[in-house]
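A.B. asks: Now for the letters of each chain:
2 protein chains.
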Amino acid sequence: MKKKDTQSEIIRIGTEMIARQGYNVTGIDAILKEAGVPKGSFYHYFKSKEEFGIAVIDHFAERFEQRLELFLNNKEMAPLGRIRDLLESGLTHVTQNQCTKGCLIGNLGQELADLNERFRARLDEIFGVWRERFAACLAEAQNRGELSCAIDPTITAGFILSGWEGAILRAKVMKSPQPMRDFVDVLFSVVLLPK
Amino acid sequence: MKKKDTQSEIIRIGTEMIARQGYNVTGIDAILKEAGVPKGSFYHYFKSKEEFGIAVIDHFAERFEQRLELFLNNKEMAPLGRIRDLLESGLTHVTQNQCTKGCLIGNLGQELADLNERFRARLDEIFGVWRERFAACLAEAQNRGELSCAIDPTITAGFILSGWEGAILRAKVMKSPQPMRDFVDVLFSVVLLPK
Numbered sequence: 514m515k516k517k518d519t520q521s522e523i524i525r526i527g528t529e530m531i532a533r534q535g536y537n538v539t540g541i542d543a544i545l546k547e548a549g550v551p552k553g554s555f556y557h558y559f560k561s562k563e564e565f566g567i568a569v570i571d572h573f574a575e576r577f578e579q580r581l582e583l584f585l586n587n588k589e590m591a592p593l594g595r596i597r598d599l600l601e602s603g604l605t606h607v608t609q610n611q612c613t614k615g616c617l618i619g620n621l622g623q624e625l626a627d628l629n630e631r632f633r634a635r636l637d638e639i640f641g642v643w644r645e646r647f648a649a650c651l652a653e654a655q656n657r658g659e660l661s662c663a664i665d666p667t668i669t670a671g672f673i674l675s676g677w678e679g680a681i682l683r684a685k686v687m688k689s690p691q692p693m694r695d696f697v698d699v700l701f702s703v704v705l706l707p708k
Numbered sequence: 514m515k516k517k518d519t520q521s522e523i524i525r526i527g528t529e530m531i532a533r534q535g536y537n538v539t540g541i542d543a544i545l546k547e548a549g550v551p552k553g554s555f556y557h558y559f560k561s562k563e564e565f566g567i568a569v570i571d572h573f574a575e576r577f578e579q580r581l582e583l584f585l586n587n588k589e590m591a592p593l594g595r596i597r598d599l600l601e602s603g604l605t606h607v608t609q610n611q612c613t614k615g616c617l618i619g620n621l622g623q624e625l626a627d628l629n630e631r632f633r634a635r636l637d638e639i640f641g642v643w644r645e646r647f648a649a650c651l652a653e654a655q656n657r658g659e660l661s662c663a664i665d666p667t668i669t670a671g672f673i674l675s676g677w678e679g680a681i682l683r684a685k686v687m688k689s690p691q692p693m694r695d696f697v698d699v700l701f702s703v704v705l706l707p708k
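Protein chains in written order, with the numbering used here: chain A, 514 to 708; chain B, 514 to 708.
If you are wondering where the hints come from, they were derived from the structure by calculation, not from laboratory data.
Chain copies aren't distinguished; within one or between two, either way the pair holds.
Derived pair list, reagent style DSSO-like, types lysine-lysine, alpha-carbon separation capped at 30 Å:
1) Lys688 - Lys560
2) Lys517 - Lys560
3) Lys614 - Lys688
4) Lys517 - Lys546
5) Lys552 - Lys515
6) Lys614 - Lys562
7) Lys562 - Lys546
8) Lys516 - Lys552
9) Lys614 - Lys517
With the hints as extra help, turn the sequences into a complete structure.
C.D. replies: Have a look at this one:
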């Protein structure tokens with residue numbers, strides 16, 4: 514395999530392992546073993562475990578950005594319908610995974626925000642991008658008269674992001690997608706209304 | 514110090530350390546050192562690290578139960594005002610801690626729900642108790658005509674718990690209490706209305 518392919522494979526496997534068990538617990542040797550890469554060659558691919566961790570976060574954020582683009586920029590749907598489709602797709606995904614893993618960005622935020630400033634800043638940036646994506650969709654819904662103009666798009670976007678991250682966490686602890694189901698239902702029947 | 518006092522002190526210090534850095538990273542030796550207890554005497558106080566972890570969770574849950582009792586059973590306040598006071602007090606607490614630590618139950622749920630079934634079940638139970646507490650308060654608000662009867666108290670209680678846990682997580686990542694402020698404001702201006 515080329516260096517770049519091996520690097521990608523280590524990131525792919527590392528993402529899986531970190532999502533399942535956290536960053537600190539995940540040892541470099543275990544990742545290399547799973548990736549079938551010789552022990553000791555890690556530093557050929559990454560400068561440090563921290564660099565590797567940042568690469569895992571960036572990889573996840575890029576993939577997630579594609580999903581946000583796919584759902585939230587789908588001009589064939591009304592803006593609120595796009596948000597709903599995105600959340601429903603997340604719900605299906607978590608259900609398929611038997612409510613394990615949760616959200617990688619939420620998990621690492623929980624684990625690392627107080628321990629590593631570089632990770633914290635990167636995770637904060639990603640949450641900020643997600644919030645802006647939701648806010649733009651809410652503003653578009655307001656412009657089209659689908660959503661009350663009494664609400665603030667950015668604050669409400671943050672409210673959605675908080676609720677969604679918390680619902681994913683509760684689903685993981687409960688081993689049931691019910692908290693995510695309830696969140697979507699309350700969000701669209703009580704919060705995101707035309708007037 | 515008596516055995517029981519030393520045990521309490523280890524739990525108190527362990528709670529602090531686990532809240533700051535997580536369960537897996539927190540070593541027994543580091544806790545004992547911080548508590549001024551001789552290295553190697555841990556198993557005199559706890560059967561295993563797991564038993565100690567459960568004791569930490571139970572200790573936190575008991576203290577939190579006292580806060581829930583104090584706020585949510587305060588019959589001098591209207592039910593929705595009690596929920597608001599509880600959340601405002603949590604916001605003040607997190608602000609005082611410079612948005613570090615987060616919620617111990619949320620943190621451990623994130624870290625351990627997929628790794629240890631005993632921890633997961635205990636954390637799930639605690640979230641369930643909290644949700645029921647909120648639900649009882651919401652039902653009381655409905656009986657007193659303060660809250661729309663169109664909403665389901667248990668589902669809405671879960672919605673509040675999800676949103677609050679997510680807002681605490683975002684505050685920790687952002688190092689700002691703003692997500693918690695926004696959550697409370699949206700909750701009481703959009704979700705918990707009389708009609």
